[in-house]
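As a plain string of letters, each chain reads:
4 protein chains.
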Amino acid sequence: MVSVYIIGGSGYTGGELLRILERHRGVEEIRVSSRQYVGKRVNTVHRGIEGELTFEKYDKRVAEGCDFVFVCTPHTKAMEYVAELSTRIIDLSADFRLREVKTYEAVYRKAHTAPELLREAVYGLPEIHRKEIKRARIVANPGCFATGAILALWPLVRKYDIKEVIIDAKTGVSGAGREPNEKTHFPWANENVIPYLPVGHRHIAEMEQELGIKVFFTPHMVPMSRGIETTVHALMNTEVEDVKKAYEEAYGDEPFVDVVDWVPTVLEARGSNYCKIGGFSQEEGRLVLFSVIDNLIKGASGQAVQNMNIMWGFKEDEGLQQLPLAP
Amino acid sequence: MVSVYIIGGSGYTGGELLRILERHRGVEEIRVSSRQYVGKRVNTVHRGIEGELTFEKYDKRVAEGCDFVFVCTPHTKAMEYVAELSTRIIDLSADFRLREVKTYEAVYRKAHTAPELLREAVYGLPEIHRKEIKRARIVANPGCFATGAILALWPLVRKYDIKEVIIDAKTGVSGAGREPNEKTHFPWANENVIPYLPVGHRHIAEMEQELGIKVFFTPHMVPMSRGIETTVHALMNTEVEDVKKAYEEAYGDEPFVDVVDWVPTVLEARGSNYCKIGGFSQEEGRLVLFSVIDNLIKGASGQAVQNMNIMWGFKEDEGLQQLPLAP
Amino acid sequence: MVSVYIIGGSGYTGGELLRILERHRGVEEIRVSSRQYVGKRVNTVHRGIEGELTFEKYDKRVAEGCDFVFVCTPHTKAMEYVAELSTRIIDLSADFRLREVKTYEAVYRKAHTAPELLREAVYGLPEIHRKEIKRARIVANPGCFATGAILALWPLVRKYDIKEVIIDAKTGVSGAGREPNEKTHFPWANENVIPYLPVGHRHIAEMEQELGIKVFFTPHMVPMSRGIETTVHALMNTEVEDVKKAYEEAYGDEPFVDVVDWVPTVLEARGSNYCKIGGFSQEEGRLVLFSVIDNLIKGASGQAVQNMNIMWGFKEDEGLQQLPLAP
Amino acid sequence: MVSVYIIGGSGYTGGELLRILERHRGVEEIRVSSRQYVGKRVNTVHRGIEGELTFEKYDKRVAEGCDFVFVCTPHTKAMEYVAELSTRIIDLSADFRLREVKTYEAVYRKAHTAPELLREAVYGLPEIHRKEIKRARIVANPGCFATGAILALWPLVRKYDIKEVIIDAKTGVSGAGREPNEKTHFPWANENVIPYLPVGHRHIAEMEQELGIKVFFTPHMVPMSRGIETTVHALMNTEVEDVKKAYEEAYGDEPFVDVVDWVPTVLEARGSNYCKIGGFSQEEGRLVLFSVIDNLIKGASGQAVQNMNIMWGFKEDEGLQQLPLAP
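Residue numbers (our numbering), protein chains in the order written: chain A, 16 to 342; chain B, 16 to 342; chain C, 16 to 342; chain D, 16 to 342.
One chain only, chain A, in its complex shape (with noise of 0.2 Å):
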């Protein structure tokens, strides 16, 4: 049994921590902290959630006594959380996922303040890194883009000699975030399709630091709550039957990554931490392929869990094995 503790959860990362982790069998307590809600029920701000929780001040030696804290603060703030605790540590903001200093600061374009713990951070990505996941003390839990993305990708560049790859995602309105802003303003995100960042969207350099190849990446906002579409186009010819052999050889024995015969849509994920891989089709001179993950689960607090349970040791499925919820 495990105690947790949760920095800045009263975003939408910290409501699903909070969802998945109260139903979590290993788990025997959960303390959460809040700048803006210190002393308010969670459950005024995350509804769902029953019972007497509270959002408390942060207190760095209570976090520090937890088996596990989850760094649910905005990126260039978590790196100062992490560097004063010497507990075991998920960080769901991009400030660990980078190995390299000078890739963060170009990227995020703010020093970074603890880069001797970068090398130490493991990315938190279990079908690539699940070995050092299990000896890591801090895991730097992938961007919702950037697990999409790479778990479509990976099998194909081990696989294929390929130098450069378009994505071209769709994602849910819940992946800006709780803070209400005019783009997520309900009569403008809905019957709306808005491309929110034609070229240069941060986690492309996880991307291209997972994969090794040049990525061209552009997502767009369409009106849906949760969910991310991944549709990769590939400027190769290939037998897409052998392409398809790779991905089940690589997914197997994931026990959240399905490689399946259809195209798959973003329902056949929400809700759950599975990624949806399939669609596989060659054309003269293009390939495609799609995944599909829930944003919030596996694109965030799913896949952090499941950090969890891998350094802990509990089953890796503990706290996650819910099934998708469609419709």
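Think of the hints as simulated: they come from the structure by calculation, not from any bench. Being a predicted model, the structure only gives us computed values, none of them experimental. Please note that a few of the clues may not be correct.
One copy or two, it doesn't matter: identical chains are merged, so the pair holds either way.
Once the Cα atoms are required to be at most 30 Å apart in a straight line, the calculated DSBU-like pairs of lysine-lysine come out as [said to hold, decoys possible]: (1) K92 - K198; (2) K178 - K229; (3) K260 - K55; (4) K229 - K259; (5) K229 - K260.
Dock chains B, C and D against chain A, hints included.
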């Protein structure tokens, strides 16, 4: 450990039963029939279900050999299955919800072919009939609108002398079932509010039977996939704190009914077996209050599993602990 | 040809006015002020507006020189502008809708600083007050919920002796305005039904003033961008054909109110200035009927232009001929 | 003043034609046929249409006597009507869009029964073929995806030497037509992204014919009723200002194409005949740009009316002046 059999499992209630029962720790075997999809893998229809489970042709002897049979066929068809089986049955159709044959035949405009079982069947709303459910062989699982409405009114009618009430309900589109039609076609259901039966909805008979008062009821379809919001307008004067207290007393020990301090919204129940009741407001001449449920869970398959748990002696929330998915 | 001035044109009602007036054949000049966006092109805010129109700083003399001033500021602010201008004014705020100062101050909890103009102002619902509108200098444009409710009830209260009525309304999210907040954040408003004021909505005072009966009113927000559906529950017995006839007689010559043979839905009004009324149903003890409007058009800016047309002598539907956009 | 005849007017394109033509000041008579709804009032199907217009049985002589015939039947059926009529025809199906019989038959897998008319027909994209449209008797109205894609690429392929391009499109559900099916069932289409054809969409042939380059194209269905967003990924290096200039020059005089300074979104075109193009972005190795249209207007019926206006000599925007409806 129990074995379960689902008759007619290709619809939404069947899909939800499978989603829940696949993760129920007391279920060791699931079988599922469908006329339309015999021989097809379940996840060709319910994409989120993992594994090899396959629709089979209905076989009375196999069903009879299971500990529980869930009947998910349309009303009038369901009674045929119920009549020929002697195992424990949870019927999700309307066929055994009304105690009086006459009422059934007036509402459903069909002869009831198993009237002798009507008295044996128990109306499966645990908050009112838990004791009878425990001893029952046949449980008639309540209608989705009836669940939202009866739970919203039960403590009120017990405490106050009320003759009639107005209920205005709003449902997600999944309430119309899995069969596509003009009303559920996305471009018509989206950006729309569709009042779909001004008067005379069939669930009114259940509500009046259980509540013992006259119910004026009008349901509306709104552009969401899941959920029912029920607004109760009662032309009466009360002390609103007394009303709230009556609800807290009635539901204080209930695992799945929360009386809340605010006006509940559908997202607070979505994806869970919870019913949230709140927003108690009194103005001169009218009392208003609200309930929310997930129409496919507390309004159908979740409640069916809750009934199974009670009948068999499982922990009542086994398989149903999942917290609401919001957003 | 007229010149018009819009005060506070950066919100949704301002945007809709611009959309309509840009295509109105009797309007030769449009000017628009905004405190927040002075000097910015209108289409940086209202992206669909073509051309070079730019927000300017409010200038009393310029406004005064226009044939019509549309006031789109919040209530309590609007009365200041109205008080200082002597040209024709259509006020889209609530400041001049209520005839009695006392009522205004009770409802809006602010002192009314121009009470002498309250009697001069005409309530701008053409179907009831067309004659007075024709002669008016100041028109108080009705609230969106009030428009849907009063049109739904006017013929009924004229013909029958009714003391009270229950109205349950469902609105799209644009009714909450253009300013983002927690309730209008897409992931919260989507897949949700949010009852947003059990009792005491401010538009009730307008409804009671115009209808002369007690109104019990509860509005709900549902996941659509535009539209209001109004369900009227009247505890009374009628001959439903007589009711329908009363509506057909009342609205037979109205350019924008259709009495229909079916249950109308929001899509049948969306994008247009029409109000559709139908679904007349009588059961023992209750009469039910429904109206639908586009909250931003007939419920706000379209009706404002209709009032302008009446005041100036344009064809009443000039600029408003557009048929509903469905889907 | 012209008379028009719509063949097969019960679908979405028929409904939109009616909505537009009813308000077109140059149209004095509209007749509309439907096999399924003969004798029924048009507004039993298209609820927003006012008045008494009634679906009639197709009568060749009546159609022949009209100035314009709009053919809204499915492809392969349309060519039969086109072949037997000698009046002006605007065919909204795919039957006359491809200049080569061979291509048509390869793409649509049917023999073309009127190949001699293929050369007579003009591809009805006014921005490219205005002159030929003016003289044409038969206009083949472009496909919705083709319109969004060709307009997004035309200036680029004229100026730069490009061999191939990747297009990733997102469409609203109305693009799938008015017939309900599993994919358009609200609970499936909602909260989902559905890639509906990885490779081989039929509109590709139109795009390649008009653009003269290889087109890699994958469309996705997202949860909105209307609109197409088209994202162009071109693996090339340019000066982005030069690219933009090329678009401004190409479309500077176009009444319905706006080159904008920002990344356009679907709401900026919805409900209008406009196409907005923008978001020009160059990174090392890839140029990205975006277009948005309303699939039922510029992508279908609005463009058809634009073609009629050009053919007859009406003002090109007659009936189409309506600005986008946002929200």
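| request: State the violated hints by number, sorted upward, taking the hints as numbered earlier in the document. | output: none
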